[in-house]
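Asker: Go ahead and model the full structure; you've got the sequences and the hints to work with.
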Amino acid sequence: MREIKRLYEHYGPFAGYLLIAFCALYASLSLFLEKARDFPGTGWEDPVSVHERRIEPLKSVLPPRGAVGYVTALDSEKIFARERSLRDVELLGHFILTQYTLAPVYVYNTPDRPLVVGNFIGSNPDHSRIARKGLVPLKDFGDGLILYRRKE
Amino acid sequence: MAALFFISLLVPFLIGFSLGLFFLPPGERRISPLFRVVLGMGAGIGVVSLVGFGFLFLPGRFSFLLREVTLAAFAAALFWAAWRKGLLRASFARAKGEKRRDRRWYLTVLPLAVTALSAAASFALAAYREPHGKWDAFLIWNMHARFLFRSGADWMDYFRSGLDWTHPDYPYLLPLSVVRSWEYCGGETIAAPIFIAALFTLLVAGLLWTALGALRNEEQGGLAAMLLAASPLFVLVGASQLADIPLSFFILGAIVVPFLHDRQEKPRATSLAMAGLLAGLAAWTKNEGILFCAIFLLIRPVITYFAEGTRRAAGEFFSLAAGAAPALLVLLFFKTAVAPGSDLIASQNAGGFLDKLGDAGRYGTVLMSYLRTGLTFTQGIPDVRAPFLLNPVIPGVILLAAYLALSGLARDPRDSRGVLTGWVVIVLTLAGYFFVFIITPHDLKWHLLTALNRLFLQLWPSAIFLVFMAARSYRPAAAEEPPGEDKKMRDKSARAPLRQKKGRKE
Chain A
721 MREIKRLYEH
731 YGPFAGYLLI
741 AFCALYASLS
751 LFLEKARDFP
761 GTGWEDPVSV
771 HERRIEPLKS
781 VLPPRGAVGY
791 VTALDSEKIF
801 ARERSLRDVE
811 LLGHFILTQY
821 TLAPVYVYNT
831 PDRPLVVGNF
841 IGSNPDHSRI
851 ARKGLVPLKD
861 FGDGLILYRR
871 KE
Chain B
4 MAALFFISLL
14 VPFLIGFSLG
24 LFFLPPGERR
34 ISPLFRVVLG
44 MGAGIGVVSL
54 VGFGFLFLPG
64 RFSFLLREVT
74 LAAFAAALFW
84 AAWRKGLLRA
94 SFARAKGEKR
104 RDRRWYLTVL
114 PLAVTALSAA
124 ASFALAAYRE
134 PHGKWDAFLI
144 WNMHARFLFR
154 SGADWMDYFR
164 SGLDWTHPDY
174 PYLLPLSVVR
184 SWEYCGGETI
194 AAPIFIAALF
204 TLLVAGLLWT
214 ALGALRNEEQ
224 GGLAAMLLAA
234 SPLFVLVGAS
244 QLADIPLSFF
254 ILGAIVVPFL
264 HDRQEKPRAT
274 SLAMAGLLAG
284 LAAWTKNEGI
294 LFCAIFLLIR
304 PVITYFAEGT
314 RRAAGEFFSL
324 AAGAAPALLV
334 LLFFKTAVAP
344 GSDLIASQNA
354 GGFLDKLGDA
364 GRYGTVLMSY
374 LRTGLTFTQG
384 IPDVRAPFLL
394 NPVIPGVILL
404 AAYLALSGLA
414 RDPRDSRGVL
424 TGWVVIVLTL
434 AGYFFVFIIT
444 PHDLKWHLLT
454 ALNRLFLQLW
464 PSAIFLVFMA
474 ARSYRPAAAE
484 EPPGEDKKMR
494 DKSARAPLRQ
504 KKGRKE
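As given, the protein sequences belong to chains A and B, one line each in that order. Residues 721 to 872 in my numbering are what the first sequence lists, from first letter to last. Residues 4 to 509 in my numbering are what the second sequence lists, from first letter to last.
I should point out that these hints are in silico values taken from the structure, not numbers from a laboratory. Built from N, CA and C at the ideal position, the CB exists for glycine as well. Do not rely on the hints blindly, as some may be mistaken.
Said to hold, decoys possible - If you want the footprint, here are the derived chain B segments under chain A, 3+ residues with CB under 8 Å: (1) 143 to 149; (2) 366 to 377; (3) 404 to 417.
Answerer: Here it is in structure tokens:
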């Protein structure tokens, strides 16, 4: 028993050092290899930058300050609900990135503003649904991005 | 671009470094210049953001110029005063005589270098893949920075905009730092938040290394920094441009500095004021920092009260509070006069709180999540569809416990208050988070899944620090002399064997 205690006293801290050094090297190199495997290649444009470039043309027709509404394939309250239920973050992501790009213009997740941004990535707008909300297309930027005007 | 960014850091560095010289004067032999550089850089960024917030209220186009001239004058005055008092020379002179490195030191430095390079490469790859950061970076921190930078004189309108989902009530240390970098760079660039994220990630690891190097020895410091840098979540959240890493810096700093205070032969109130300043800056970084700051400011004096009585405890409380006051006053003004209410409270009433507090199921859910996340949080950013399986080889709580079990304890009575304060603050902060989850208005599972791992991460560097303060080192070195032994005695005893040898030869 005394011998075990002596060995522990003598070699314990060094064994602790070896354990940390081994695990740290393993974990850091594993993370590096994982990230290297995911390397998207040179000339990569990340999804946020792609979305920003897509939304950017709106800036030229919107006033520099103020507020706009927002409409997409799904009703506004469902966008946040789908994210909260961990089902779908795509539509909420598009909404957030629209605000991120257009700041300091405020983007509200409702269609009841004089100007409304329509963002329909990968889907066509449901024209009858849009019309029911009292929205009239003002300018189509292509790629599912449409600026609407609200009918008085 | 990089040059302009580094120029923007000069004033914060000078302010933080000089404040460190005054608050932690170099009469104490343990504080290395590198520790001062690391602590000063982070503290300086925090102080500059506090001043920057005040200057937002100045009208006119020249507020940037006026602010920077004021800050530069303040930095120069502080640095000059430190130089005149001989603090600068003394801080470097002390360290010169203390370097003792041999071949065994490389046993730590080589794996640390490989780990650090690997972590830096992983950081760079993650930042390249997501240059705008992760979800919360562009939803909160960089979004706030954009609103501030692009709104000009109308910056206050954002807080009345009703865009509550962007969390306008969150403190402004990080967005103000990003905006200041943009001002220096002449416009918005995604490089600035990446640089700031990289800087704070480096500062946390550097603070852990140099603090343990000062209080224990460089091997313990290097090993602890290695463990932190190899924690995947630390690197990935760092690259994600979130405020959790800057917050972890201020939490670690606030926990470290009282150890230096307790090691002083004549403890100075100013060192606790420095700890208070760092705790205040934690509150100015993120809402979680407010909870940490309140607990820290109360717990340290309470522990001192039991050890040394009322008078000492009151003195410590006033020193801590005086240090934290600038940040807390700015925060109080921000929370009461500028920002809207927090989404965690604003959307609830007393009945809702009581219902949730009485729901036993919620306690079970949070507890299970605490256990599961506590064991796996360092492993990386969790995937909703495939949660982590425990991998004990990846640095985490289990590895830290195994290290402590293998190394054994090395108790130094001078550190007992610091160790106790650190652990009590960590446990109470986690308990506070626990009750925030119990009363959260959000979906509980969603809230736990998206936040808990980062909350643990904020405290992770401090937990590593406290464990390494208590663990026996594989190599006792200069800083681990027995308590109470002063330098004169040490020098005498160091010379004695030499004299004996000489005598024998003669």
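Asker: Now look at each hint and say whether the structure bears it out.
Answerer: Hint check:
1. 143 to 149: Coverage by chain A holds for the segment 143 to 149 of chain B (3 residues, Cβ < 8 Å).
2. 366 to 377: violated (count 0)
3. 404 to 417: holds (count 6)
In terms of the numbered hints stated before, the structure departs from hint 2 and from no other.
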